[in-house]
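Peer 1: Taken in order, these protein sequences are the chains called A and B. Position 64, counted from 1, in the first sequence is what my numbering calls 64; the numbers after and before it change by one each time, with no gaps. Position 216, counted from 1, in the second sequence is what my numbering calls 216; the numbers after and before it change by one each time, with no gaps.
These aren't lab readings, by the way, just hints derived from the structure by calculation. You may find that some hints are simply not true.
[As the list claims (entries may be wrong)] Label pairs and their in silico Cβ distance ranges: (1) L62/B x A11/A: 53 to 59 Å; (2) S7/A x F106/B: 41 to 47 Å; (3) A66/A x H117/B: 20 to 26 Å; (4) L155/B x L45/A: 55 to 61 Å; (5) A34/A x N42/B: 53 to 59 Å; (6) Y68/A x V167/B: 16 to 22 Å; (7) L16/B x A66/A: 39 to 45 Å.
Ideal Cβ positions, reconstructed from N, Cα and C, are used throughout, including at glycine.
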Amino acid sequence: MRRLNLSTVQALAVASQLGFVLGAAVLLGILGGAFLDTRLGTSPLFLVVGSIVGAVAGIYSAAQLATYLLARFGKKNENPEQEQ
Amino acid sequence: MEFHIAPPTLFSLFGLPVSNTILTAWLVSVVLVVLTWLATRNLTLVPGRLQSIAELVVEQFLAIGVQTADARRARRFLPLVATLFLWILTSNWLGVLPFFGEGELFVTLHDGHGETHANLLRSANSDLNVTLAMGLITFFYFEYVGFRAAGLGYLKEFVWPGLLIEVVSHLARPVALALRLFGNILAGEILLAVMAGLVPFLVPALFMGFELFVGIVQALIFALLSLAFLSMASAHEAAHHGAEESGGGSSH
């Protein structure tokens with residue numbers, strides 16, 4: 001299993017961003033969906049669609065950040081027993 | 001005790017409302033400009049005290065930036081990222097001072113409902129408009145970096161997993177940055193106000209110390225994540241140049 005070589009502040013930044021970006025994406029989806037529903041009178045269709053799109057986008061954005069971090073900071077665990 | 005999340009408008013300037021958070025933002029900018037001017041007006045090879053402090057701040061922040069992105073990108077994006085860090089840090093730490101927030105400086109506002117009292121100064125980052133503005137600056141810059149790195153090829157990123165998902169994903173980054181900073185600083189303001197109201201001696205000092213710690217951590221988090229996003233956007237440059245080199249390498 002790979003470990004991330006992060007300092008404490010970097011770890012705090014990552015952990016908070018993974019959570020906040022999920023919430024922010026869902027919020028954006030809900031706001032966009034509510035706006036479209038108000039304009040088109042289709043409540044609550046776009047609200048539901050927007051929240052689903054926001055959730056998927058949030059998970060995708062969190063996955064992108066995690067992929068970048070693994071590529072940038074990941075290192076293999078040094079396990080002398082396995083090397084033998 | 002009343003605490004308003006939305007900052008009150010103190011006066012209008014050229015038809016635009018000016019709130020107590022905007023007033024504080026201007027004050028922070030003036031403080032930073034003056035300090036920077038004092039530190040850099042007579043640069044010498046053997047630095048004086050203020051120049052030494054300025055060099056220390058820049059070198060330490062560059063060292064942290066090199067850990068997050070590589071050395072080339074850390075230097076390239078240092079002006080924006082370090083400015084964000086210093087501005088947010090100064091704003092957060094000024095906001096802990098007694099004259100900010102629920103302090104001694106009040107103004108009386110006259111509106112249609114009669115007279116109300118509002119604080120003259122309030123921590124700039126306790127206003128979502130301010131934090132969102134900084135988030136959007138970062139957003140527009142990292143989109144610019146992405147397009148500059150890959151040209152129109154940057155638009156390929158919006159094909160998979162879907163235009164809407166990719167757009168919301170990109171927009172969620174500045175919103176997340178803004179909401180985190182706004183939430184932490186606003187919560188700190190409310191906490192200090194409540195603690196000062198409950199126990200006016202000694203206990204608020206402990207929470208002020210905690211707010212100093214939160215202030216520097218939030219400034220670092222905002223700056224480092226901005227650097228990470230810029231580094232991700234400029235990664236298209238490396239991929240783009242790599243593709244060009246492999247296409248021209250067959251002649252060797």
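Peer 1: A separate judgement is required for each hint: does it hold in the structure or not?
Peer 2: Verification of the supplied hints:
{"no.": "1", "hint": "L62/B x A11/A: 53 to 59 Å", "in the structure": "20 Å, violated"}
{"no.": "2", "hint": "S7/A x F106/B: 41 to 47 Å", "in the structure": "42 Å, holds"}
{"no.": "3", "hint": "A66/A x H117/B: 20 to 26 Å", "in the structure": "48 Å, violated"}
{"no.": "4", "hint": "L155/B x L45/A: 55 to 61 Å", "in the structure": "29 Å, violated"}
{"no.": "5", "hint": "A34/A x N42/B: 53 to 59 Å", "in the structure": "57 Å, holds"}
{"no.": "6", "hint": "Y68/A x V167/B: 16 to 22 Å", "in the structure": "19 Å, holds"}
{"no.": "7", "hint": "L16/B x A66/A: 39 to 45 Å", "in the structure": "41 Å, holds"}
Checked against the numbered hints above, the structure breaks hints 1, 3 and 4 and satisfies the rest.
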